[in-house]
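Here's the letter readout for the chains.
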Amino acid sequence: MDDSRPIFIQIAEQVENDIIDGALAENAQIPSINEFAAFHRINPATALKGVNRLVDTGIVVKRRGIGMFVMEGARARLMEQRRAEFAAQYVRPLILEARKLGIDVESLAELIRSERTEP
Amino acid sequence: MTDTAVQASGLTKRYGAFTAVDGVDFTIEPNRIYGLLGRNGAGKTTIMQMLTGQLFPDDGTLQVFGREPAEHADVLRKLCFIAESQRYPDMFTAADVFAAAPWFHENWDEAFATRLIADFRLPAKRRIKKLSRGQLSAVGVIVGLASRAPLTFFDEPYLGLDAVARHIFYDRLLEDYAENPRTIVLSTHLIDEVANLLEHVILIDQGRIILDRDAEEVRGSASTVAGPTAAIEAFVADRPVIGRQTLGGLASVTIDGRLDPADRQRAAELGLELAPVSLQQLIIHLTGDDLAASSEGEEAA
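Sequence lines, in order, name chains S and A. Residue 14 in the numbering used here sits at position 14 of the first sequence; the count goes up by one each step and never skips. Residue 44 in the numbering used here sits at position 44 of the second sequence; the count goes up by one each step and never skips.
By construction, these hints were calculated from the structure, which means they are not laboratory data. Computed from a prediction, not measured in an experiment: that's the story for all the values here. Among these hints, one or two may not hold up.
Part of the chain A face toward chain S, derived, beta carbon under 8 Å [as the list claims (entries may be wrong)]:
#, residue
1, Glu29
2, Ile168
3, Asp171
4, Leu174
5, Ala178
6, Leu198
7, Glu216
8, Arg219
9, Gly220
10, Ala268
11, Glu269
Anything over 12 Å on all C-beta distances counts as not near chain A; from chain S, calculated [as the list claims (entries may be wrong)]:
#, residue
12, Arg41
13, Ala45
14, Arg75
15, Leu111
Every residue gets a Cβ at the ideal spot worked out from N, C-alpha and C, and that includes glycine.
Assemble the whole structure, with the sequences as input and the hints as a guide.
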């Protein structure tokens, strides 16, 4: 948990990350509000707000009396959303910092190629 | 059942010429965890003593579960107040305190108390006056938790408790609160440790409320910007400044108000570093007015 952003958003993002990297499969049950609260040592109302955000965006579905589950197709939608944000979140700051250090776009591309690790 | 746990309006307490609590208005909603924060002598304990019927207000109205708390046994039965240096009869052992607790607290859970005694490794058979400072605090914390009072006050509950014991307190508080929701008011100076447990924050300074907001709203509501003074001034412009430090041509300024992505990008383009302000730092900025005033003065000179 960092201090710069609301905790409920961080909770939602962690679940999203778990869905993207496959730790949480589609249709899998996610932890309960109280489990989130106990694990992160946060107020249960905050955990609830984070999970509700996932419900509102259609990533997670609540089944009354049973629990909360990852929606079918959630991973694909999250990937699409994250790709759309990728340039603004990662590429632009990278270019700004490179410019500050006098690294032009060509050298930057070269750096990325040389740093690239094969999967 | 009334909608609010506490409703205070114009609440005032004077000691001679000194006004300890100066016409405060606030509401405490049921089943939430509140942080009542502020510096020493800000008026936190006085407020809690009025809420628990230990002090009579000099002015204003106060309702706890829909009634004035003082001398109303049906209200007082619902309250539990753990004071900073809670006193017990000298001849009592910790076990005697726990045996007496259910006389005052109808929701007392003996099994929970027993578990807490083990968690805190409290020598329950030892006389209270032979306990260490931290063990004495543990007695108070156990009473506060196991009493499960609908409205529980912890006033600096953990003097002398080590970091492990404090975390046991936080964990048990959260677990038990999740299972048995109730209203909890936590007053402490260890703000960073409890910040994430709180749902709502009330900040008192010199007898007045200077902040009364949901903890989530407070989080990220201020940022520190650091970098060359000229760039800082351009970025800060007419934003509200709540703290300022300078070192040679560099400045570090804390501004109130949330930054949007466009602000963040502008800061990056100006070569400024942005850092979040924790609840504790924010409170230092908001209540350390003498420091802020003097550095503002230097700025003007």
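Could you check the structure against the hints above and give me the numbers of any it violates, in ascending order?
Numbers 1, 2, 12, 13 - these are the hints that the structure violates, sorted from lowest upward.
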